[in-house]
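Undergrad: Sequence:
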Amino acid sequence: MQYGAFCLPYYRFRHAEPTLFIHKYNQFSNEENSGYRIDLSRNFRSRKEVLTAANYIFRQLFDQEVGDIVYDENQELIYGNNAYDEVPLQQPEAELLIIDKEDKEDEDNEQDNIEQLEDLEKAQLEARAYAKKIKTWIGHNEEEPFEIMDKRTNSKRTVEYRDIVILLRSMTWAPTIMEEFKKQGIPVYAELSTGYFAAIEIQVMISLLKIIDNPRQDIPLAAVLKSPIVQLEEDELASIRLMNKKGTYYDALKQYLRNGENTHLKEKLHHFYTLLKKWRKEARQGALSHLIWQIYQETGYYDFVGGIPGGRQRQANLRALYDRAKGYESTSFRGLFRFLRFIERMEEKGDDLGAAKALGEQEDVVRIMTIHKSKGLEFPLVIVGAMNKQFNQQDLREKYLLHKEFGFATKYIDPVKRVMYPTLLYHAIKTEMHRELLAEEMRVLYVALTRAREKLVLVGTVPSLEKQKKKWEIISNHPEWVLPNYFRLESMSYLDWVGASLVRHQDGELLRFEDTSASVQLPTEIISDESKWSITCIHHRKYQTIDEQNRTKKEDVETAIKKWTLMDIEADELQEEVHKRLNYTYPFQDAIHFRAKQTVTEMKRQHEIKDSYSDEAIIAPFRAPIKQRPRFMQKEKQLTKAEIGTAMHTVMQHIPLERGWDETSLHEFVAMLEAKEMLTREEGQVINVQAILAFFATDIGQLLKNAEQVEREVPFSLTLKAKEVYPNWQDENEERIFLQGVIDCLIKVDDGWVLLDYKTDQLTDKMTETELRNKYQLQLDLYSKALEQIWNEPVVKKYVYYFDRTLLLSL
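With positions in the sequence shown counted from 1, the corresponding number in my numbering is that position plus 2.
Please keep in mind that the hints were generated in silico from the structure rather than gathered at the bench.
The reader is advised that the hints may include incorrect statements.
[As the list claims (entries may be wrong)] Below 30 Å or equal to it, Euclidean Cα-Cα: the simulated DSS-like pairs (lysine-lysine) are:
hint : residue 1 : residue 2
1    : Lys137    : Lys184
2    : Lys725    : Lys800
3    : Lys268    : Lys283
4    : Lys544    : Lys469
5    : Lys134    : Lys471
6    : Lys643    : Lys761
7    : Lys534    : Lys375
8    : Lys544    : Lys184
9    : Lys469    : Lys534
10   : Lys351    : Lys328
11   : Lys103    : Lys135
12   : Lys787    : Lys800
[Claimed, not checked] The calculated label-pair distances, taken between Cβ atoms and stated as ranges, are:
hint : residue 1 : residue 2 : range
13   : Pro796    : Arg738    : 21 to 29 Å
14   : Asp366    : Cys539    : 29 to 37 Å
15   : His272    : Ala240    : 16 to 24 Å
16   : Glu475    : Asn84     : 36 to 44 Å
17   : Lys599    : Asn776    : 23 to 31 Å
18   : Phe344    : Cys539    : 48 to 56 Å
19   : His142    : Lys280    : 45 to 53 Å
20   : Asp305    : Ala200    : 16 to 24 Å
21   : Ala562    : Glu193    : 38 to 46 Å
22   : Ile221    : Glu516    : 50 to 58 Å
23   : Gln711    : Lys599    : 27 to 35 Å
24   : Glu193    : Lys544    : 26 to 34 Å
25   : Met422    : His142    : 56 to 64 Å
26   : His142    : Leu584    : 22 to 30 Å
We put the CB at the ideal spot given by N, CA and C, even for glycine.
Make the full structure from the sequences, and use the hints.
TA: Spelled out as structure tokens, the structure:
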């Protein structure tokens with residue numbers, strides 16, 4: 003018995019062998035075979051429009067001769083998730099977006115300013131196409147946001163960035179796409195193994211480190227001066243060079259500091275020159291990582307990059323530079339020069355580092371990944387990009403070829419004529435390997451087109467749509483479902499296949515010439531297929547115009563900032579939003595000044611008698627300057643009052659209650675605690691043995707010894723209303739404060755619990771019993787309240803015992 007799905011035989015590049023699966027698939031298709039095959043073709047992931055679109059494409063691509071398998075009704079994707087029918091989409095059809103780079107002569111004559119626009123590369127053009135589509139889905143420019151079905155609730159919800167993925171055959175374009183998205187404010191995530199040294203903020207910092215190591219390097223010095231660290235203009239850089247045309251740029255800079263005429267320029271250069279000398283001294287004396295962080299702080303460059311598009315990523319890159327410098331110094335290598343040489347050797351070898359991760363894959367970001375990596379995953383909205391990128395056929399251009407079945411073939415070399423040309427076997431193996439490569443690409447395209455749950459968008463850039471139409475025109479009248487073998491084998495990209503497949507579809511008028519559309523006579527099942535497509539073509543100049551508009555808007559903002567002039571903002575709602583943000587006041591002011599977590603001891607201190615200058619706000623306690631050596635350097639170590647109190651509590655916590663005590667036995671018990679390292683030798687020496695013996699002679703001491711149940715050092719946590727903790731709390735909201743404490747001793751009696759608290763305070767003769775009661779009344783009341791609420795048992799009596807006077811007070 004064979005279980006299987008059509009999409010299983012993938013990943014030939016991981017040394018897998020798809021033909022093994024295909025052989026078994028065909029074997030179990032034979033009726034004479036005793037086993038049987040179960041096709042897992044029902045799809046519960048995607049909407050019907052996604053599945054019918056994919057089926058229409060792959061019916062025309064796969065067959066036994068080229069694609070290794072026949073795509074018939076047994077392999078077609080069958081719609082299985084009927085929940086989508088109850089939540090329809092407004093624009094469910096699959097989309098094909100073609101960017102046409104052809105410049106017509108009449109357009110050049112009509113638009114004189116087009117020559118000034120930069121000729122954007124394909125990656126930038128497509129990145130802007132992706133960005134425009136994503137912004138439309140998210141709901142920018144007052145457009146209605148796209149809605150999708152939430153699989154958890156089976157109801158509509160607004161699309162988020164995390165619902166969108168861009169699938170590419172390889173990650174070559176990913177850095178360019180990410181940079182463009184950052185400019186347009188779209189959060190994006192991709193796992194990159196390169197692009198770190200190409201980041202502009204890293205280039206600026208590397209240039210700065212180079213001139214700190216050796217300032218007589220013209221290009222790095224000019225780069226730093228032009229960067230936001232110094233902010234010189236081109237004419238200012240030229241003025242510096244004119245001061246010394248033959249020497250180094252560093253010599254020209256110093257000469258301008260002495261003889262330059264522009265006072266403002268001299269001030270900027272003098273400030274930078276002072277910092278440079280300081281950094282050069284620090285580089286010789288201190289750690290490299292410390293120098294890098296010092297540069298971030300003194301120049302404000304780290305904060306600056308955080309305020310420009312892609313700021314989080316840029317700051318993450320700068321932090322990574324600091325971390326890598328720190329890690330480099332943890333080895334046996336040291337110094338700025340060696341660190342720079344380490345980076346230069348990496349660049350010479352063509353090595354790079356992945357950009358630091360500022361955003362995680364689980365955050366609300368658009369994800370970019372390869373088609374291979376998306377295998378087994380699903381995404382609500384999928385953009386398959388770089389559709390016109392040519393297949394990688396580098397392996398077919400080697401001087402020798404190796405095939406698992408046909409063996410080894412190499413080109414023939416004639417040493418006499420000094421020529422090299424392929425043999426017949428070389429041609430045969432190359433032809434078969436080329437067919438296998440295209441079959442693999444078909445399977446990869448299948449993965450790409452079946453990742454979408456709700457919406458599928460295909461994007462490709464062509465040099466000329468008219469020329470592409472001529473290439474597809476020969477398919478217009480092809481009467482069979484599967485495209486001709488020669489056409490599929492000659493295709494160089496996914497777009498060649500998809501365009502040829504859609505040229506015969508009823509929605510493919512844009513891909514056909516007008517006279518061809520009128521003369522096309524095809525079977526109804528091909529031209530009137532149930533799949534729905536939206537095919538559009540956009541000229542690349544429209545995306546360059548977007549760039550020009552953004553540049554003009556940016557220049558207007560920069561000019562207004564430099565001249566301190568107001569900008570006219572047409573949208574009143576923006577003014578309201580700006581005013582709202584700048585005048586925002588946090589509504590819970592008391593929560594800022596009072597702690598959300600408090601201890602009983604601190605509450606007692608706050609409720610003590612205060613004068614008119616007392617405050618309850620959170621203020622860092624004053625720390626006096628060190629007047630004596632640290633304790634480990636002192637010959638005689640003196641314990642603080644708090645440490646003495648802790649030591650006494652330790653003894654009272656662990657002392658056995660079932661036996662009698664005298665001075666000798668108590669000293670032995672303290673010595674045992676020292677041996678167990680529960681007390682230090684210094685703490686054991688300050689234990690007041692006489693006070694402990696006097697305590698056990700009192701009535702409360704006898705009660706403690708004779709009790710059936712005793713709990714010592716009982717920790718508790720409790721929440722109280724803020725007004726109960728802070729008398730000056732003004733907010734009306736019901737905030738609660740987290741309270742913690744430790745009860746020294748609890749004694750179980752018939753009708754409840756007796757609460758006992760030990761005190762090691764040094765008492766003066768002036769202190770009355772009333773004052774001593776009031777001092778700890780709040781603390782024991784809170785203990786009692788916590789015990790009654792948590793244990794749900796009453797506290798019948800509360801006592802404070804002062805070891806200093808052998809004084810027992812009832813509260």
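Undergrad: If a hint holds in the structure, say so; if it does not, say that too.
TA: To see whether the hints hold, each was checked on the structure:
{"no.": "1", "hint": "Lys137 to Lys184", "verdict": "holds, 13 Å"}
{"no.": "2", "hint": "Lys725 to Lys800", "verdict": "holds, 25 Å"}
{"no.": "3", "hint": "Lys268 to Lys283", "verdict": "holds, 22 Å"}
{"no.": "4", "hint": "Lys544 to Lys469", "verdict": "holds, 20 Å"}
{"no.": "5", "hint": "Lys134 to Lys471", "verdict": "holds, 26 Å"}
{"no.": "6", "hint": "Lys643 to Lys761", "verdict": "holds, 11 Å"}
{"no.": "7", "hint": "Lys534 to Lys375", "verdict": "holds, 28 Å"}
{"no.": "8", "hint": "Lys544 to Lys184", "verdict": "holds, 20 Å"}
{"no.": "9", "hint": "Lys469 to Lys534", "verdict": "holds, 25 Å"}
{"no.": "10", "hint": "Lys351 to Lys328", "verdict": "holds, 23 Å"}
{"no.": "11", "hint": "Lys103 to Lys135", "verdict": "holds, 19 Å"}
{"no.": "12", "hint": "Lys787 to Lys800", "verdict": "holds, 12 Å"}
{"no.": "13", "hint": "Pro796 to Arg738: 21 to 29 Å", "verdict": "holds, 24 Å"}
{"no.": "14", "hint": "Asp366 to Cys539: 29 to 37 Å", "verdict": "holds, 32 Å"}
{"no.": "15", "hint": "His272 to Ala240: 16 to 24 Å", "verdict": "holds, 19 Å"}
{"no.": "16", "hint": "Glu475 to Asn84: 36 to 44 Å", "verdict": "holds, 40 Å"}
{"no.": "17", "hint": "Lys599 to Asn776: 23 to 31 Å", "verdict": "holds, 26 Å"}
{"no.": "18", "hint": "Phe344 to Cys539: 48 to 56 Å", "verdict": "holds, 49 Å"}
{"no.": "19", "hint": "His142 to Lys280: 45 to 53 Å", "verdict": "holds, 46 Å"}
{"no.": "20", "hint": "Asp305 to Ala200: 16 to 24 Å", "verdict": "holds, 22 Å"}
{"no.": "21", "hint": "Ala562 to Glu193: 38 to 46 Å", "verdict": "holds, 39 Å"}
{"no.": "22", "hint": "Ile221 to Glu516: 50 to 58 Å", "verdict": "holds, 56 Å"}
{"no.": "23", "hint": "Gln711 to Lys599: 27 to 35 Å", "verdict": "holds, 31 Å"}
{"no.": "24", "hint": "Glu193 to Lys544: 26 to 34 Å", "verdict": "holds, 31 Å"}
{"no.": "25", "hint": "Met422 to His142: 56 to 64 Å", "verdict": "holds, 57 Å"}
{"no.": "26", "hint": "His142 to Leu584: 22 to 30 Å", "verdict": "holds, 24 Å"}
Of the hints listed earlier, there is not a single one the structure fails to meet.
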